[in-house]
Each structure stands twice: as structure tokens, then as C-alpha cells.
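Residue numbers (the working numbering), protein chains in the order written: chain Z, 1 to 404; chain A, 1 to 367.
What the hints contain is simulated information worked out from the structure, not anything from laboratory work.
Do not rely on the hints blindly, as some may be mistaken.
Listed next, with one range per pair, are the computed distances between beta-carbon atoms [to be verified]:
{"no.": "1", "chain 1": "A", "residue 1": "T317", "chain 2": "Z", "residue 2": "R42", "range": "39 to 47 Å"}
{"no.": "2", "chain 1": "Z", "residue 1": "D51", "chain 2": "A", "residue 2": "G308", "range": "47 to 55 Å"}
{"no.": "3", "chain 1": "A", "residue 1": "W190", "chain 2": "Z", "residue 2": "K87", "range": "45 to 53 Å"}
{"no.": "4", "chain 1": "A", "residue 1": "S57", "chain 2": "Z", "residue 2": "N85", "range": "41 to 49 Å"}
{"no.": "5", "chain 1": "A", "residue 1": "R74", "chain 2": "Z", "residue 2": "W96", "range": "23 to 31 Å"}
{"no.": "6", "chain 1": "A", "residue 1": "G269", "chain 2": "Z", "residue 2": "G260", "range": "35 to 43 Å"}
{"no.": "7", "chain 1": "Z", "residue 1": "A282", "chain 2": "A", "residue 2": "T317", "range": "50 to 58 Å"}
{"no.": "8", "chain 1": "A", "residue 1": "A59", "chain 2": "Z", "residue 2": "R42", "range": "42 to 50 Å"}
Residues of chain A placed beyond 10 Å of chain Z at every Cβ, according to the derived structure [to be verified]:
{"no.": "9", "residue": "S40"}
{"no.": "10", "residue": "L54"}
{"no.": "11", "residue": "R113"}
{"no.": "12", "residue": "M162"}
{"no.": "13", "residue": "C177"}
{"no.": "14", "residue": "L207"}
{"no.": "15", "residue": "H281"}
{"no.": "16", "residue": "S359"}
Stretches of chain Z that chain A covers, calculated by requiring three or more beta carbons in the stretch to come under 8 Å of a beta carbon on chain A [to be verified]:
{"no.": "17", "region": "71-79"}
{"no.": "18", "region": "234-247"}
{"no.": "19", "region": "258-270"}
{"no.": "20", "region": "292-299"}
Predicted, not measured: the structure shown is a model, and the values here were computed from it.
Where is the CB? At the ideal position from N, CA and C, for every residue including glycine.
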Amino acid sequence: MRLDDFAIDNCLKCSLCNTVCPVLAVHTRYPGPKRLGPELERLRREGISTDTEWVEYCLGCHRCDLVCPHQVNVSEMIARAKAENRKPLIRGLRDWWFARPGLLGRLTTILPTLSNFALSLKPARFLMSKLMQITPQRKFPSYARPNLRSPMMTGKESQRVVFFPGCFIRNNRPDLGRVVIGLLERSGLAAEVASTECCGVPAMANGAAAEARAVARANVRALAQQVDAGLRIVTACSSCGHMLKTGFGGVLEDDKEFAGTAQKIASRTFDLAELLRSLSDAGKLNVNFQPTSLRLAYHAPCHQKSQGIGRPWYHLLRMIPGVSVEDLDAGCCGMSGTYGFKQEKYAVSMEIGKELFASISAAQPQMVVTECATCQMQIEHGTTFKAVHPAEILLQAYDERRCG
Amino acid sequence: MGTDRYDVVVVGAGLSGLVAAGAAAHRKQKVALVATGPGSFVNGTGWLKAQEILRASEAPDLREAIAFFCELARLAGCPFAGDISTARSLPAVLGDFQSVALAPLTLWNAEPRDGVSSAIVGVRGLSCFDENFMAERLTERARLMSSGCTYTARQICLSRDMGVPVTTLRIAQCFDCDPVFRAELLYALWAAASGFKRILVPGMLGLNSSAEQIAEFERELGCPVCEIPTLPPSIPGLRIFHRLESYLHQSGVELYRGFPVEQVEIHDGLCTGLRVGSPGHPLHLCCQSAVLATGRRSASPLGEEYAGCDQQMRPLTSTGSVMARNLFIAGPLSNSDVENHGNVLHILTGYRAGNLAASIRENHAAR
């Protein structure tokens, strides 16, 4: 991040960042990325206090970074300001929990059935809204028994990869984790499940810089041996992928002990679809897909776009014979992880989602596919359509004949 | 490392890059467009100035290139009107008249015509647009030109909270997605237009609206309306970009947004691919030919060695040898003469480079 001391001078005030900000588009008073990023950053660097609650409203979608013609890291500046921002007690407490989905997951998955039952109770949600300012409008994702294990290793060394499940697949959707492992298996790759926890995106998003550094270090320790052995790391959650590829959001850049390995991890991390696409290019992808007449609409999550890998899922899904896939290209869903759960941000979150909801309604697909778990939640909350991970569709396509 | 394969990869989404990608796509090539943000033409009006046409008038393919661009813009829903051989006047935000050859169709309403009375309508609280200043200056200019045109300043007040300051971006965003807002704006403009033959408003009628949607707004208003592009972001400029990019995408051009090309791979005088600086590890784009339309503000991926291009748009080293036979230069990079820049040159070089890049693959296939 020290390198970016110069980035601020690259800002020419062209305001293109403002033209793509999902929050600015729906919130009249939001000052926008140009102001909250490079403009106020100049004051912050001089040690002038610019305390503003508005930095909390940044989604962390990175759209401003992607449109900037001069590669100013606008959202990173806002994220740093977020970490410095002092929040009122209750929000601070709530965000402390939201920053630690790993811890939350470990606690709730001790007795998942009981936790799910408790979290779904109306009085519990009412209390959470009053005491924690968590919106009662949304359902919490259900927790599962965390039983995602590495399959038995039989393959050769060169065919091994490491699967980084992140906290959501580990604690909420271990079945999806098995889908990912199954998908890799079909093309001859043996995936071992990394003994990692949360990637740190929620910590960054909730302004918990120390926690983000702590989980980043833990993840580097957990992955060090495998990347040193030359193994590739596979992510199936776009936020995890974004975090790993950016060296854990740059939080370890000043950390002599960890920076090198974090960089190595970044260069060895592949999004699941990115890896499958490269297998396909090399003629090594198992393309034994069975025909299906599925009509899908694809939503690319913001953290997929911020990885700069094109649209690998879109192209992979289209390899299934008979399938139709529409790329919705309708902006950000507005959920942004824990953002949409926050009572004061719920309305903004839903307003941002409107464009996507409308485009889904217009497309009338049988299902929406998107690789981000919280985009799925938002789509199912804002529309009547089911949203699934594209990996589930692709794995199913191998077996379509058996079903029909 | 991921590898994506294309016939033609175009780098840069300024006017030259968009035209190059359009030209290659029209010749049935599989095209990728890599860009970090739009080019700087979005900061302007989208006009093709008469002066620029004059400077490029010796180019034998000028008419063809402009005709292609106009066709592209029409298909994208932002048609241009005008003629390369006729210079006409259009008012600008600083209250002067510019000599223009071609402009987006919707901007021509502002052309001064004998004796026509116009209202220049500002919005209360809007930064970067001063209707009084504009009206005063334009009236004075019109008097000098003895065109008999009159300009009167009017201001509308929008009831909803538009933030401080109000920006054309905010108004354009509301215009795009809120029918209630559009109705309110329509009513306010209708009231301001009373007694005038036409109204001039700051560029704010939507970030994505097609010419047809603006014409519909005009029909409801019952009076010709014209936008005056303001400071960056210029809404009419951005609109052209959005519509052209979205048209290319629909025609099958794959867009890679957000990360710069860090390296052009050249082996034995042939460009084999490009490396995009995505986080973690680079993205590799394999291609039969490529167009570099990066502009001059970004670091050139060809490095210090690059010293201009030849007649065939191919990059040359300082000793005059061709760097790669299937690599073509478009836009400001193709011309070191800063004076000679402008939308016309960018369209011309983009058109040439796009066609040359497409012919590489076609020749390949023919052989």
C-alpha cells in the first residue's frame, strides 16, 4: 500500500468513479467514491480529521477501481478510512461479530439445527433488530454440520490442488464444497481441503483491520507448505478469490514475515471456473456434458469482476449442449456480504438491487446462477427466482442422462 | 494461467479502440476489447469539429471511415448527423459557437437559426452550468453574427433532494431509472419553455438513453430540446461510450474491463498475445492480431522502443524496423503531433487499424 502514495496524484478528478458507484446512484447524500477516496485521503494523510459515517456506506464492490483510467485504488483508500472510523457502540458491537464469520460459524455449527431454529424465530429476529440493529427483513443463511473433508488421495502429485472453501462453504454449504471437489475430480484433479477459515473480506468490510491481518496470517500459515510444494489453490467463492489474489487485500504488505508467501499464494490462486477454462483450453477438461434444456441467467458478482479473469463461468456453462445462458450484466446486487444485513443500510441495499431484480424478471430464467453466496441470498430475497452456484449446474450436466 | 483465444484483441476503449473493435467485429472476427475505463472522449461533447475534418482531409479513406463510424453509432442507438464537407455552428457551455461537421443527432437542435428564440434552462443548485452567463454571451455572439437569435436564461427548481451540489450525473441517473422524476422534470421544463421556440438544457438526459428515448421526451415536451455538454463527466459523451460499448458487447465482442495490458508478446516479428495485469497472476490473451489504442497518457505496453508507426499502422522502432507485422496502432499513439489530435483522427486510425487487424486472419484463412 505504500506504493500507492503516488496513486493519489494519478487522480485527475474525472469523476468516472462516481458514474459507476452503485451507492451514489441510489443515495442522494452519499458523497461518492471520488470525495471519500482520493479527495479526503489528502486530508487524512495530513492528519486532518475527516470523520465521516459515509465511508461505512461503501460496498467494497471495486467498481470505482476498475473504471479508473489511471488505476487509482479508490476503494482501498475508503477501506482504510473505514478502519479508522469510530462507530457508535451498538453498531460497533454488531460489526465486531460481522467481521468474524469464522468465529460465528464455529459457535453456531456446534449445534446447527438448534442455531438455525433459534435464528429463524421471529422474536429472535426482532430482538436482533432492536439490540444489534440487524434487519429483521432478512433470513440468516442456515448453518450445517461442518463435515467438509478431503477425499482420499489417489492421484499423482501433479494432479493435486488445494481447495480453499472459505467460511461460507465450510459452515453453511459443505455440500457445495463436495460439488466443487467432485467437479475437479471429473477432470482428473484431486482437491484437498485447506485447513483455513475466513478469507478476511468480512473483516475488511467491517473496518476490523487487525482481524483482517490476523486471519490473513493464519491463512498464510495454513497454505504456506502447499504453495511451496507448487500446488494451485482453488476458490469457489468470488470474494475469497479476490482476497487471496490481492495478497489478502494488501494487509500483509508491510509484514516481512508473511508478505512473500502471501504474494506466492496470490500468484497460485485460481477461481474454479478460471482453472476449468484453462483446462478446457489445454484440451484437458472432461466435456462429457449431457444435453439439457435449462434456461439460465448469469449474474457476475463484483468480486468476480475485480479478479480480471473475463467471464469463465459464462463460457463454461455454454459448453453444456442445449443450455441457454443470458449474461444479465445488471450491475451490483447491493448485498455486499454483511452490508445488506445492517438495518440502516437495508433500504440502500435493496434499492441497488432493483436493476438486477428487474433484469432477472425480464429474462424469466428457470434459475439464476452466480458464484457469490450473498448475491444468491439477495437474488432470492428480491425476486421469486432460485439462485444457485454455477458449479452445481456443471456437475449435474455430467449426470444429466442418469436423471432423464 | 488462464488463456483466452481471439482473432483480434483491441487494447483501449477510447473512440479509436471502440471503432477498431467495431470494424473487426463487422468483419466477423472474434474480438476482445481490453480497457481500463473509457477514453478521454467521454469528457467532451462527441462532436467532430470542422477543423479536425480539414486536417484529415487528405486521407483517402476519410469519408469511408466516417461513414463506418456513423453506421456504428446508428446501430448503437446514438446516431450522428452532419456532413464532413459542411461546417455548421453549435453553442458550447462557455457561451461561444463552435464550428462542427458531425455531432450526435440530438445536439443539432441547438444550431442557431434565423430569428429563433431559445430559453437556456438551468437547474437550481446545479454546479458547472450558468444559464445567465451563457444567455448573455450567446446573445452577444448572435448579435455580432446578426442571426437574429435570442437567448433568455430560465431556471427550474426540482422538488426532491438532489444532494449538494446538484450534478448532471445525479440528474442523469434519476432520469434513467425513475419515471416519476422524468415526469417532474418534463413538467418543469415545459413550464420554462413557454413562449420559446426551443430550450437548451445542460447535458443531463440520461447516461444510457437512446436517441429514440430522447426524441420521445421531446415529443412529450412539445418543443425541441437540446443538451449542452458540461464539465466532466460529460453526460452526452458518456452516453455515446455506454451505447457503443454495449452494442459491441451485444455483437459478440468480449469485454475485459479494469486492468491494463502489461506486456505485448512479440516473437520473430509477430505478436502472439497480450498479458493483462489482473491481480495475482496475469491473464493471457492469445490473438492472431492486435490493435493498440491505449492513448498517450497510459504507459505504452511497447515500452521505450516504440517510435511511431508506418503507413500500415504497424509499430516501428527508432531505427525504423517494424516491431510486429500483425500489430496495429490507433488513436493518439499513432501520431506524435499533439496538434493533430481529435475525434476525427481517432476514428480514422481506429477504422484503419481494425480493418488491417481483421485482414490478417482473413488472409490466413484464404491461404
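Numbers of unmet hints, in rising order: Hints 4, 5, 7, 9, 12, 13, 14, 15, 17 and 20 not satisfied by this model.
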